[in-house]
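Number of protein chains: 2
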Amino acid sequence: MILRTLTIVGVGLIGGSIALAARARGVAGRIVGVGPRSLQLENALQHGMIDACYPELGPAVGDADAVVVCTPVDHIADQVVEIAGCARSDTLITDVGSTKAFIVNSLIGRLPGGARFVGGHPLAGSEKSGLQFADARLFEGRLVVLTPSDHFHPDAVAAVTEFWKGLGARVKEMTPEDHDRAVAITSHLPHLVAAALAGMLPADLRELVASGFRDTTRVAGGDPCLWTAIFQQNEAALRQTLDKFQLALGRCFNDGDRLDMSHLQKLLAEGKRNRDALGS
Amino acid sequence: MILRTLTIVGVGLIGGSIALAARARGVAGRIVGVGPRSLQLENALQHGMIDACYPELGPAVGDADAVVVCTPVDHIADQVVEIAGCARSDTLITDVGSTKAFIVNSLIGRLPGGARFVGGHPLAGSEKSGLQFADARLFEGRLVVLTPSDHFHPDAVAAVTEFWKGLGARVKEMTPEDHDRAVAITSHLPHLVAAALAGMLPADLRELVASGFRDTTRVAGGDPCLWTAIFQQNEAALRQTLDKFQLALGRCFNDGDRLDMSHLQKLLAEGKRNRDALGS
Numbered sequence: 001m002i003l004r005t006l007t008i009v010g011v012g013l014i015g016g017s018i019a020l021a022a023r024a025r026g027v028a029g030r031i032v033g034v035g036p037r038s039l040q041l042e043n044a045l046q047h048g049m050i051d052a053c054y055p056e057l058g059p060a061v062g063d064a065d066a067v068v069v070c071t072p073v074d075h076i077a078d079q080v081v082e083i084a085g086c087a088r089s090d091t092l093i094t095d096v097g098s099t100k101a102f103i104v105n106s107l108i109g110r111l112p113g114g115a116r117f118v119g120g121h122p123l124a125g126s127e128k129s130g131l132q133f134a135d136a137r138l139f140e141g142r143l144v145v146l147t148p149s150d151h152f153h154p155d156a157v158a159a160v161t162e163f164w165k166g167l168g169a170r171v172k173e174m175t176p177e178d179h180d181r182a183v184a185i186t187s188h189l190p191h192l193v194a195a196a197l198a199g200m201l202p203a204d205l206r207e208l209v210a211s212g213f214r215d216t217t218r219v220a221g222g223d224p225c226l227w228t229a230i231f232q233q234n235e236a237a238l239r240q241t242l243d244k245f246q247l248a249l250g251r252c253f254n255d256g257d258r259l260d261m262s263h264l265q266k267l268l269a270e271g272k273r274n275r276d277a278l279g280s
Numbered sequence: 001m002i003l004r005t006l007t008i009v010g011v012g013l014i015g016g017s018i019a020l021a022a023r024a025r026g027v028a029g030r031i032v033g034v035g036p037r038s039l040q041l042e043n044a045l046q047h048g049m050i051d052a053c054y055p056e057l058g059p060a061v062g063d064a065d066a067v068v069v070c071t072p073v074d075h076i077a078d079q080v081v082e083i084a085g086c087a088r089s090d091t092l093i094t095d096v097g098s099t100k101a102f103i104v105n106s107l108i109g110r111l112p113g114g115a116r117f118v119g120g121h122p123l124a125g126s127e128k129s130g131l132q133f134a135d136a137r138l139f140e141g142r143l144v145v146l147t148p149s150d151h152f153h154p155d156a157v158a159a160v161t162e163f164w165k166g167l168g169a170r171v172k173e174m175t176p177e178d179h180d181r182a183v184a185i186t187s188h189l190p191h192l193v194a195a196a197l198a199g200m201l202p203a204d205l206r207e208l209v210a211s212g213f214r215d216t217t218r219v220a221g222g223d224p225c226l227w228t229a230i231f232q233q234n235e236a237a238l239r240q241t242l243d244k245f246q247l248a249l250g251r252c253f254n255d256g257d258r259l260d261m262s263h264l265q266k267l268l269a270e271g272k273r274n275r276d277a278l279g280s
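Keeping their order, the protein sequence lines are chains A and B.
For the first sequence, the working numbering begins at 1 and goes up steadily by one.
For the second sequence, the working numbering begins at 1 and goes up steadily by one.
Everything labelled a hint here was simulated from the structure, so no lab data went into it.
Some clues are possibly wrong.
If several chains are the same, the list does not tell them apart, and a pair holds so long as it fits within one copy or across any two.
[Said to hold, decoys possible] Within a straight-line C-alpha distance of at most 27 Å, the following computed BS3-like cross-link-like pairs (lysine-lysine) qualify:
id : residue 1 : residue 2
1  : Lys128    : Lys165
2  : Lys244    : Lys165
3  : Lys165    : Lys266
4  : Lys172    : Lys266
5  : Lys128    : Lys266
Fair warning: this is a prediction, and the values are worked out from it, not measured in the lab.
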């Protein structure tokens, strides 16, 4: 047992999966949820997935040994500040936001001295959202990035690392800025591109779609509000990687509207080499 | 039994799957392959997947009731002409090329009068290639586009339709030009985009890749030579759809390097609506 009481703020796909994994692996004794009471949350209470649920942070975090914030990225920083204000001074606080620099940097000076906070991002998820898709094995073998900062209590990193390893994940430390530049390439640009591709499909061509189009656009099924907030918090890195992407595509055709065969062959060969290196 | 002898030119993923499906569903009595003798082809012969195999077209098509050409798109037209020159005049000829206008139009005037030819494209496949990935069920419930032309014998369309239905597929007729404009959106642009995304991934970020990037770039594992030839034969439609795509992406940022929130929200919402309409 790592934690007596674990509080999860935002019990959706990720928060719910943390609850299930923590229960299954004995990482936490008592699991408390924070969020609006929904039918799904009532169900989770009835099935013992969580032990209690509160609509407000205050009563939910007073006893917590650790609080994991799993809300949309534009809510996280304010909630961390609020949690730090009503939790014990030794309560561990972390988050699962898909962006890190905006969140972590905006907490500097807003958290009490010695706050045990470290930013985090589990590289696991789905285009689906909601507690009904929660999965106790979502984090097994997956990587969680932690983004330590000198401004917070240094022992939070080791404790949150132990927590995630307890859920079956691997942990890697990066600076918030390096994390954001990386996910601009690995996640944010692919999402934008998938949405643009899906958006171009006229209804009368739907019957012509095969597995390639389905795969390439799958992530476009994600929640537009969540993604708008993510893009906003990673605007500069997204812009940079989008520019590079558009340049590479633009060079496929020369000025005379003909394919530039040498560029095209290089682009396809590099794409295949990199994709093959990832495995299936 | 629809065909006494079926000849498949190019026994790879698609050709091999046709052989397996035709055997499993009793669509053909004798199945003859055309292609270089490889270990996999020897294996296919030994296991009775095909009954005979020839390196050359001549001896393989003399007896054929139907010939399906499953070679790369830049080989198809010339092979169809050669087949028509050495097969019976009533032999049905079709192909499975991913482009249609270039192939079909380049056959006008090169095939004998009354040739029983119709172009075809089964919308099924994989980023994998090779006989070892052949699957008897590859075409079950999938759509095959046929592109009839007034220049060839009209009864070929009905016969090839019956053939594909025998393999479990559905059939739709389109003009070669409509087909090519459609697959530029549903297949060719997604492939180009997936390759460009995969090509941008530095080796040191591979460990940060999760299922989203894998899905979005899966098709980039396809054979660059096959795809270069496909893009060349659909240059104009690809250019047009790429321009539209680049424009939609470019508008995500305004001149001041800030996200254009109203465009972004619209793009994400439309992408989700269209992707959700496809189902998983």
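Evaluation of the provided hints:
no.: 1; hint: Lys128 / Lys165; in the structure: within (24 Å within a copy, 35 Å between copies)
no.: 2; hint: Lys244 / Lys165; in the structure: neither (36 Å within a copy, 45 Å between copies)
no.: 3; hint: Lys165 / Lys266; in the structure: neither (40 Å within a copy, 39 Å between copies)
no.: 4; hint: Lys172 / Lys266; in the structure: neither (32 Å within a copy, 35 Å between copies)
no.: 5; hint: Lys128 / Lys266; in the structure: between (35 Å within a copy, 19 Å between copies)
Checked against the numbered hints above, the structure breaks hints 2, 3 and 4 and satisfies the rest.
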